[in-house]
Amino acid sequence: MSLQILKHFFNPKSIAVIGASVNPHRAGYLVMNNLLAEGFNGPIMPVTPKYVSVHGVLAYKNIDQLPITPELAVICTNEFRIPEILHALVKKGCKAAIVVTTENEPKIASEIYALARQYNIRLLGMSSLGIINPHTQLNASLAHCGALKGNIAFVSQSAAVCTTVLDWANSKQIGFSAFVSLGDAQDISFAELLDYLARDTKTKSVLLYVDSISDARAFLSASRAIAQHKSVLVIKSGSSLIGAKAAALHSNGRYGHDNVYDAAIKRAGMLRVHDLHELFAAVETLAYSNHLHGERLAVITNGGGLGILAVDDLAAMGGRLAELDVDLKTKLDSCLPSNWSHNNPIDMIGDADPKRYATALGHLMDSSQVDAVLIMHSPSALSDSENSAQAIIDVIAKHPKRKQINILTNWTGETAAKPARALFAQAKIPTFRTPKGAVTAFMHLVQYRRNKKLLMETPASIPDHLVYDIKAAAECIRQNVNPQSLSARLNTYQAKPILEAYHLNTIETVVVSCSEEALHKAAVIGFPLAVKINSPDIEYKSQVHGVMLNINSREALKLALTEIKQRVAAFLPDARLTGFTLQKMLASGLGLELRVMIKQDPIFGPVIAVSQESDARDLQTTLENAVVALPPLNMALARYLMIQGIADKKIKIKRGIQEFDMDAVCLMLTKISQMLMDNPEIKDLDLNPVLVCAEQVTILDSQMQLSLAPEGYLNQFAISPYPKHLEENIKLKNGQTVLIRPITPEDEGRHQAFDAALTEEDRYKRYFSQRGKMTHEEMAILTQIDYEREMAFIAVRLDKHKNQETLAVIRASIDPDNHDAEFAMIVRSDLQGLGLGNILLNKLINYQKTKGTTYLTGMTMISNVGMAALAKKLGFSVERDIEEGVINMSLALQS
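Sequential numbering from 1095 applies to the sequence shown in the working numbering.
Rather than coming from a laboratory, the hints here were simulated on the basis of the structure. Incorrect hints may appear among the rest.
Stated by the list, open to error - Taking lysine-lysine and the DSSO-like style, the derived pairs with C-alpha atoms no more than 27 Å apart in a straight line are: (1) Lys1266 / Lys1497; (2) Lys1144 / Lys1189; (3) Lys1185 / Lys1144; (4) Lys1652 / Lys1678; (5) Lys1497 / Lys1423.
Bear in mind that the values here come from a model prediction, so they are computed numbers and not experimental data.
Generate the whole structure from the sequences, applying the supplied hints.
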């Protein structure tokens, strides 16, 4: 979608209200009333055949009679009339409409959206409350009140949640940069609005209320882009299965598993809140808080009990108390009574007056040991509530670190505390009724900081010697896929070559067809053994007692082979038995047993799950007890997954087992992710159990389900995987071979070295100015790219130590409409003149053509004649802007 169209929704120059009414109980009355009350500065044109005027504004009998083309139409009529209205609007030239009708017959709705696509008119809704933009005096909604100006954008699929949040925000004097009710979001989506709000200078933070997501990849791509520089909070309804189904029904969408939504929200660098109470606290925190530079919280209180409650909540939520150093304690000693707590929380005693509050706060804000301060107050005849609040406000207003330290307040009580809380609200300082509310708000800031930091974390590289035999894995898959059924389930033995192609350790296993062969092979493998029945009719052997463990001798094996056949016959008399699988058993109780799975979520596609629940079979139960991540995984993301699982007690490390090696587990998970990326035929994988014993990770049993991959199968991944097919070996003019490939997060160190090795002239041509060494955060943005909306190709070769080194890079940033891709390129000076720039620019041109991009553009210094000559040679139009001192280059990619 063109983001230009969205401007018609947020900042229209003219509005038509279709179905305007003088009846106070009609939608057309409310929309007209709100537009006029807000003072919209543009033509408002009511369309109705019933009235001469509406709210004193001349009305038009039909759309054809409108004197000008409306930039935005608000449709307030019965949904059965909407198809003819869309036809008339398009004929008039209108390209944007809000549908606020509350009826929503699925068949009619489908027809309306089909017509909108056919006519190329964009719809907000159906069942939308409308849109409010206080900065443009726009209130094209059914809301019962307007919104104040602010820097928070709120986007919701629920009209009821919209009105609730709006009512609360007005009572707290919290304003918005935009207030959008999506309705069922079948046309304009969360992703498109996030892309627009990312570029909106009035928006600092975004809050989303989500029932369901339709396009997971677009949503995550837009979310990851905006989360780089703006905070995004999400409240997702449907945490239970029943709730998820109800949420999907509410918005005519699909429902996915809540754990997967949770993983997706974290992966995108957003923060999830779980109820309206949390959402309100988050809104207030976002509206008034600074960027959190650290997690150390200091607590000031006039009541020890209050402070202890806050500390308990902080500990339960995984927060961190600031430690008071000697210097800070000495300063506090000078202003507090001798019996103060001498620790954090800082109990200033019940008679703390305004001066005591102000002085103590000043010392804490001066200290380098504190990142945030929670100031608490309980009603007391000895401690003036309102004056203490004013003293705190005055200290914050004058302090030089007021924009570096986050301040939160908790004035408990009702009548006595109300005036003080009003003062804090007016001063734009977050204030809360309870200790838990204040601590929860602080932890919102902490968790958001952690999620964003995770986005910027550089993953460790997988060891270079682990070169995956992708061809071997693919060949094994081809041999096992049944073209007639289009699917196949591979057992432990059949999946073994696929797993081993990725250097995954599997237990020694043999398949035998009869008892005599089993006795012979057992002597080769050695005891103890596990015996499993083989049958094409049995999906899970343990469910029919088709598994026997701890077979320690030849005699015991004879008995086991007979007994296991009898067991299976008792459960499935007609099952076809084809033999047995013998598996070497490891000593039990020495390691950590995990279950590692690949499962398919209806919304986000393949997910990787880790748990210790060995018997769960259905998707709902399996993911309920697992910690989940979206592929692709790298070492950093795999570590985060395991740490999250341990923190959530879904992975329990018991005493008495050998210490497991975290890196070894993370390496296994990264290999499994890579296996899935390379072989999209893998639909389902269940490694159960995986034994982790120190640094040794061994797969004891496995089930893998395959399906023939249709064309475009990779589109099912919610996050664009590494496009390995774009790798290419090329020869330079000097005969040297280099690899051209997309950049990866693991390239950060190499890219830092490449950047540092550039000459001053090269850097000046690239950055248009002298600049110092790039920070980690800047490098992370350059290397951790979203292949869905940007691309960077690098040229690499092996140095004398057989490690890859970066020689050149070309990158393109693509606008959300895929209309324009802006490129920049730099080649190391000692390699210029070898044709590397020509090769890289040609590769980028071909890539953007394939992607359907309309234009490739770039800019270079006017002195960079070499770049201009190359661009002209490849068909770019080249224009010199003498006044600005630059050369503009543009290439039309589509005929």
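Here is how each hint holds up against the structure:
Distance hint between Lys1266 and Lys1497 is fulfilled; the C-alpha atoms sit about 21 Å from each other, no more than 27 Å. Using a Cα cut-off of 27 Å, the hinted pair Lys1144 and Lys1189 holds, with the two alpha carbons roughly 26 Å apart. Distance check on the hinted pair: Lys1185 and Lys1144 sit about 22 Å apart at the alpha-carbon level, within 27 Å; holds. Taken as a hint, the Lys1652 and Lys1678 pair is honoured in the structure, with Cα atoms around 16 Å apart against an allowance of 27 Å.
For the hint pairing Lys1497 with Lys1423, the CA-to-CA distance comes to about 24 Å; that is within 27 Å, so the pair holds.
Going through the hint list in order, the structure satisfies each hint without exception.
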